[in-house]
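**Q** Below, each chain spelled out in residue letters.
Number of protein chains: 4
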Amino acid sequence: MTAVSAVQSALTSQTIETPSWAYGNSGTRFKVFAQAGVPRTPEEKLQDAARVHLHTGVAPTVALHIPWDRVDDYAALAEHARGLGVGIGTINSNVFQDDDYKLGSVTNPDPAVRRKAVRHLLDCVDIMDATGSRDLKLWFSDGTNYPGQDDLSARQGRLAEALAEVYARLGDDQRMLLEYKLFEPAFYATDVPDWGTAYAHCLKLGPKAQVVVDTGHHAPGTNIEFIVALLLRERRLGGFDFNSRFYADDDLMAGAADPFQLFRIMYEVIRGGGLTADTAFMLDQCHNIEPKIPAIIRSVMNVQEATAKALLVDADALAAAQREGDVLGANAVLMDAFNTDVRPLVAEARSSIGADADPLAAYRASGWAERIVKDRVGGEQAGWGA
Amino acid sequence: MTAVSAVQSALTSQTIETPSWAYGNSGTRFKVFAQAGVPRTPEEKLQDAARVHLHTGVAPTVALHIPWDRVDDYAALAEHARGLGVGIGTINSNVFQDDDYKLGSVTNPDPAVRRKAVRHLLDCVDIMDATGSRDLKLWFSDGTNYPGQDDLSARQGRLAEALAEVYARLGDDQRMLLEYKLFEPAFYATDVPDWGTAYAHCLKLGPKAQVVVDTGHHAPGTNIEFIVALLLRERRLGGFDFNSRFYADDDLMAGAADPFQLFRIMYEVIRGGGLTADTAFMLDQCHNIEPKIPAIIRSVMNVQEATAKALLVDADALAAAQREGDVLGANAVLMDAFNTDVRPLVAEARSSIGADADPLAAYRASGWAERIVKDRVGGEQAGWGA
Amino acid sequence: MTAVSAVQSALTSQTIETPSWAYGNSGTRFKVFAQAGVPRTPEEKLQDAARVHLHTGVAPTVALHIPWDRVDDYAALAEHARGLGVGIGTINSNVFQDDDYKLGSVTNPDPAVRRKAVRHLLDCVDIMDATGSRDLKLWFSDGTNYPGQDDLSARQGRLAEALAEVYARLGDDQRMLLEYKLFEPAFYATDVPDWGTAYAHCLKLGPKAQVVVDTGHHAPGTNIEFIVALLLRERRLGGFDFNSRFYADDDLMAGAADPFQLFRIMYEVIRGGGLTADTAFMLDQCHNIEPKIPAIIRSVMNVQEATAKALLVDADALAAAQREGDVLGANAVLMDAFNTDVRPLVAEARSSIGADADPLAAYRASGWAERIVKDRVGGEQAGWGA
Amino acid sequence: MTAVSAVQSALTSQTIETPSWAYGNSGTRFKVFAQAGVPRTPEEKLQDAARVHLHTGVAPTVALHIPWDRVDDYAALAEHARGLGVGIGTINSNVFQDDDYKLGSVTNPDPAVRRKAVRHLLDCVDIMDATGSRDLKLWFSDGTNYPGQDDLSARQGRLAEALAEVYARLGDDQRMLLEYKLFEPAFYATDVPDWGTAYAHCLKLGPKAQVVVDTGHHAPGTNIEFIVALLLRERRLGGFDFNSRFYADDDLMAGAADPFQLFRIMYEVIRGGGLTADTAFMLDQCHNIEPKIPAIIRSVMNVQEATAKALLVDADALAAAQREGDVLGANAVLMDAFNTDVRPLVAEARSSIGADADPLAAYRASGWAERIVKDRVGGEQAGWGA
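Chains as they are written, first to last, in my numbering: chain A, 1 to 386; chain B, 1 to 386; chain C, 1 to 386; chain D, 1 to 386.
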């Protein structure tokens, strides 16, 4: 196998999960601009996700958000997905939108609210059983807005208790992915603000508890690829929520704001042996003003291109330059890969598995965008329901 | 007049405008938690604002947000306000919530949308005429989310054109306050991102165009009091939107996150001669999880306390230390004032004008909170309508 | 014991260690402005530190920096210190100024350099044996300036190896304090950039390895008191390097930039049971343009005042408000303490142990500043030797 | 002329000035690691700069820093430069390293210090007369470290006065480039912290006063290309100090930290008509651990590659997509250019003017690096002299 075909083979074995909520409406606290053709049901979201997979060939699963994607029969939903050529992926719990959760869910000072929240998380595991999902992704909006509002340490205790109960419920092949986020919607202190906090909890829970790195959830100046390298070294990197941002948590298309950073992240993934099924590569983003399906297609392509560049890094030359302390030489090896135009290579890889060389053009030509605008009339468009 | 009574006199002559929207529901993109008793109409917002003025004695005006506070007869609304003991203050334009504004209002590439937005701004001046308001506050959410989305320079041209048209419409005693904000809701480039941009536009417009400093709208690490000093020096400080934040634009109670910063800002205001009627001291914040009226009362008190501390700075001692290059001595003069507990002093000043020494206790004792919960049943609560 | 006397008793039992290097010259990469009277030897640094203790009564130990404070006989130096009324505290290792360390010390790709660095660390433990010091503080400037320059993961392995060797050398009553820092002097990736990395290493080493929180070493927007609460909960908070900053790592006087933050930190220390001898309260700052001894005295006072305010928080009222979800009430309890002018209280506490009510005035009156300028003529002033 | 040859022609007409100080030793406040072969005199710096020009063909001028490059006869130095095939470019004033400047230079509270500083600036104009330089670049380290240390507004007045005196001294074809910087070495308030402040001063001075954008001198999250677009629109962009950084002001090689940002900046330069001789494209960086000459060569190449990509943007397609509000389409036009591998194109452009297709390889092959190590023995290596 030549180097190029090895890269292509690695590329096509990497799968990127798309999030059901990215197909629905989203916005900021100032305004949600609704878009024509947006899905009204989980089934329609799966239809859109299936189009992304059809054109890219590497997006075979769709993450659900509960209760946004609540249905009566999850096994049937999974079956429906299979019929569309995709599968149900990660189950995302949502314990931030009931009025009860105003002051927190699993860390709420009120034990009754905590109980309710934990019950929801356990329900999510039931859903995983029904859908055959491996991963439960936990992101908590829990935190405080003002100093003194609640006891920071006590909240950690409540969190640990809730996580332990859910962890105990996991099946042998199921995992818990714990996500951290510096801020928003909590304004003063978030209960899982950084990788260290997530890591500390995962360590105590056991090997099925893993950290999720959302690329938009860090303080300014944080070196994300360092965290990736460390978590892989410690065998605690469960996966990624990809997106990008210029300022706060903007949820722009992955790779849109800093393609070099995405490349460095993927380089550390490869370097640390993380380009395997154990690392969940997920998108977690939303498209407020741009059309949603092509934005997701573009994001999938951006992740692939970053991966391709990272795969092209000449590992031997890099190791040699590093050994010799050749600062400029080592940096140049990395930059050579980054500066390469990998689009033809990725297009070829895509073609090799029967997907489209140019997924965006294929999507445009497919008429799907026009069709959903025409078909999805009436009903209530999916959204965050904030 | 003793030093203390001079401080008290200065304190009670400073008025702090409260924003109508802070009395309504608000939240994040994740969730708006509705509160019982929230106003359903502009009139009810004015009622709440009147309670803040009743207890604090220094919040005699209320800013409106159009169209959130749209009524048929603004003169009648102003009359209603007067009946409650308050007045209508600044008119805030809102050109960010129509579907047309998805890609911008006054900077939109589509001239028809720009026209619509300008017309709204002109309508706001009509409202000012009816209410007797002096200030039109302009904040634009305009910007772009992705590099390349639109032409940064062309957008400046469109902005300049719109501002010029509105400026020409202002009456002799009316002003335009131009607000800047680094980001949100635009994710890549905001059209008025910093004081420099606002200042450059104001310079070209003329003396009735002034810059508004919103304390939450800066990049991390920005020295806000420096900007205040500079704008006062250049006679371009129109006023403040006070609030506070730990991370992005969180709109917490003024002074809640960094009381020392608020003190430094007020010190520069006083130093630069800005403690006059020409500087509009406004709150621009929202209360997502805390009760709204007491949060505003507390914010008014926080601004007063910061002002009181700033008034206590020993100007002669400070100037002497600065002249001598006595770094620690000069800093100590400032810190002495900051470390003083001014609450008794401010309470006395409040009492001296017939307001409550402890406004929060007085509000609690007034039964207003219980009354609005009981009375304001049915109808639609005011909110941002995002 | 009344509440006030309990506070005073707690206050005077808290000791604050001053750093020998803060008495010497320091500056930025642009310029070191030398000051008259600066110590030329470790012994003279101890003299200055003794004056700080004389006036404040709570700074009985001095941290050393090796090799900046290299002497032939450390036991004699400790004896000398005792004669001056102070003791030798923490030993700080310095493996960043030899030419060999250009690409790192314990993480250097070259095993010979790593060996040299480890040997220095072991030498520092020898010094601790001689001085009777409990703590070895490890801060590494190790990192990389450019992506690709070295292997991030391999560097962690080298670091772990070095730490393990030094940990094994520690005596029963000795500890290793591992410090983290986001950036500077490494520009791209620092090998111990955050508390999570330090914590992960400490966990593997054992209970004598503890994390040090330097208040200036975080990304913008990091909630430091959260980290403090977490580390105390996990029994891994070894101590503090206090200083303050507005932007990057500025090493200004503790409490100078954000006194409210320092108060919140001290509140979490007290809440988490950290106001004990197991928490090392150290200053780590430098005084580039202000006179050094009074700057340190002021910093000690600032830490004390923040502690006093934190001790005044009404714990019962706070817990009650938190339990009831009373956001504003809980915040108000905290702010009441912060807004209190504790200077008289702290002055009294100081007097009660025979120190000066006003340490800065006492220092000025002592004539020490003039004396050292007159006496310390000739020789080479201490500095960082960068 | 084909599109490609137009790009090449534009590329080779862009010249990039290199800074004399980048050839000398530099470091951080923790350590300066000296390098073998570093110049000892301004003449030797010019030799090194000439090698950069020899290989790249687009670096014909060298900026001087006074007094670091002080010589007796500047006309002779210019003549010497010409003999080496380069010219003297911008004169950089340095008023931050005399002991007098501890509390500022042109903004110092002491009029005698201000006078001395202004005299130095006037001397720099004399030097410009002798060297034939067009531009005087002013960067002031002036600022304060602690709140209260000096009067922020008074310092602006002193600054304005100094600038006016220097401006009056400029010849008809000379310009003053005013540089801003958020922080460092001042820790609290810098006297020219942002583009707005520099712009406000330049406006008052006149058309020969222009703003310089140093890419490393902004708050986190600042959109630099927006500033570029605005300054070009206002005809106040004098030029750039290129470098890059991940955190604070790190002075890494231009384009090393965020090549996408550099591309966006160059796109706005081209869009705004700034790719002309009126815009000074300068490097301002230093090489602490990497060899200096190749680091500068690489930086020149990085600027060229960013320019080449920006030149490849399909302006018509972009304008059309922007007009239509096609967010993804417009972004895609930009990204297509960025994703192109322009190295062959730039290599060809370089060859077309007789420079080296691969300047780094040519430099390595030239033996210059070995020669200077051998030749430059003894004497004192150039450095910042901090």
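None of these hints come from the bench; they were simulated from the model.
Predicted model, so just to flag it, every value in this text is computed and none were measured.
Among these hints, one or two may not hold up.
[What the hints assert, rightly or not] Here are the simulated DMTMM-like pairs of lysine to aspartate or glutamate, each with C-alpha atoms no more than 20 angstroms apart in a straight line:
#1 D:31 with C:370
#2 B:102 with D:324
#3 C:31 with D:161
#4 D:31 with C:380
#5 D:204 with D:161
#6 A:31 with B:326
#7 D:208 with D:161
#8 B:102 with D:184
#9 A:31 with B:99
#10 B:31 with A:356
#11 C:116 with A:324
#12 C:208 with C:172
#13 A:208 with A:234
#14 D:31 with C:184
#15 B:204 with D:173
#16 A:102 with A:184
#17 C:31 with D:184
#18 C:116 with C:126
#19 D:204 with B:324
#20 D:102 with B:98
#21 D:31 with C:99
#22 A:31 with B:98
#23 A:204 with C:234
#24 C:208 with C:184
#25 B:31 with A:100
#26 C:102 with A:98
#27 B:31 with A:98
#28 A:102 with A:129
#29 B:31 with A:380
#30 D:102 with B:234
#31 C:31 with D:324
#32 C:102 with A:99
#33 B:31 with A:184
#34 D:31 with C:100
#35 C:204 with C:258
#36 D:116 with B:324
#37 A:102 with C:99
#38 C:204 with A:326
**Q** Next, verify each hint and record whether it holds.
**A** Hints and how they fare:
1. D:31 with C:370: violated, 32 angstroms
2. B:102 with D:324: holds, 13 angstroms
3. C:31 with D:161: violated, 25 angstroms
4. D:31 with C:380: Measuring from Cα to Cα gives roughly 18 angstroms; hence the hint holds.
5. D:204 with D:161: Between residue 204 (chain D) and residue 161 (chain D) the Cα gap is close to 11 angstroms, so the pair holds against 20 angstroms.
6. A:31 with B:326: violated, 51 angstroms
7. D:208 with D:161: Cα-Cα ~16 angstroms, so holds.
8. B:102 with D:184: Not OK: residue 102 (chain B) and residue 184 (chain D) at ~40 angstroms, beyond 20 angstroms, violated.
9. A:31 with B:99: holds, 9 angstroms
10. B:31 with A:356: Answer violated: residue 31 (chain B) to residue 356 (chain A) is near 39 angstroms, above 20 angstroms.
11. C:116 with A:324: holds, 18 angstroms
12. C:208 with C:172: This hinted pair holds, its Cα atoms lying about 9 angstroms apart.
13. A:208 with A:234: Measuring from Cα to Cα gives roughly 13 angstroms; hence the hint holds.
14. D:31 with C:184: holds, 11 angstroms
15. B:204 with D:173: violated, 28 angstroms
16. A:102 with A:184: Measuring from Cα to Cα gives roughly 14 angstroms; hence the hint holds.
17. C:31 with D:184: holds, 11 angstroms
18. C:116 with C:126: Judged against 20 angstroms, a Cα distance of about 15 angstroms means the pair holds.
19. D:204 with B:324: violated, 30 angstroms
20. D:102 with B:98: violated, 55 angstroms
21. D:31 with C:99: Holds, because 9 angstroms separates the two Cα atoms, which is no more than 20 angstroms.
22. A:31 with B:98: Holds. Residue 31 (chain A) to residue 98 (chain B) sits at ~9 angstroms (cutoff 20 angstroms).
23. A:204 with C:234: holds, 11 angstroms
24. C:208 with C:184: The given pair, whose Cα atoms are some 27 angstroms apart, is violated under the 20 angstroms limit.
25. B:31 with A:100: holds, 12 angstroms
26. C:102 with A:98: violated, 55 angstroms
27. B:31 with A:98: holds, 9 angstroms
28. A:102 with A:129: Not satisfied, since the Cα-Cα distance of roughly 30 angstroms exceeds 20 angstroms.
29. B:31 with A:380: Between residue 31 (chain B) and residue 380 (chain A) the Cα gap is close to 18 angstroms, so the pair holds against 20 angstroms.
30. D:102 with B:234: violated, 28 angstroms
31. C:31 with D:324: The given pair, whose Cα atoms are some 54 angstroms apart, is violated under the 20 angstroms limit.
32. C:102 with A:99: violated, 56 angstroms
33. B:31 with A:184: With a Cα-Cα distance of about 11 angstroms, the restraint between residue 31 (chain B) and residue 184 (chain A) holds, given a limit of 20 angstroms.
34. D:31 with C:100: Answer holds: residue 31 (chain D) to residue 100 (chain C) is near 12 angstroms, not above 20 angstroms.
35. C:204 with C:258: Given pair residue 204 (chain C), residue 258 (chain C) is violated - Cα atoms ~34 angstroms apart, limit 20 angstroms.
36. D:116 with B:324: holds, 18 angstroms
37. A:102 with C:99: Measuring from Cα to Cα gives roughly 56 angstroms; hence the hint is violated.
38. C:204 with A:326: The hint is violated at about 32 angstroms.
Violated hints for the displayed structure, listed by number in ascending order: 1, 3, 6, 8, 10, 15, 19, 20, 24, 26, 28, 30, 31, 32, 35, 37 and 38.
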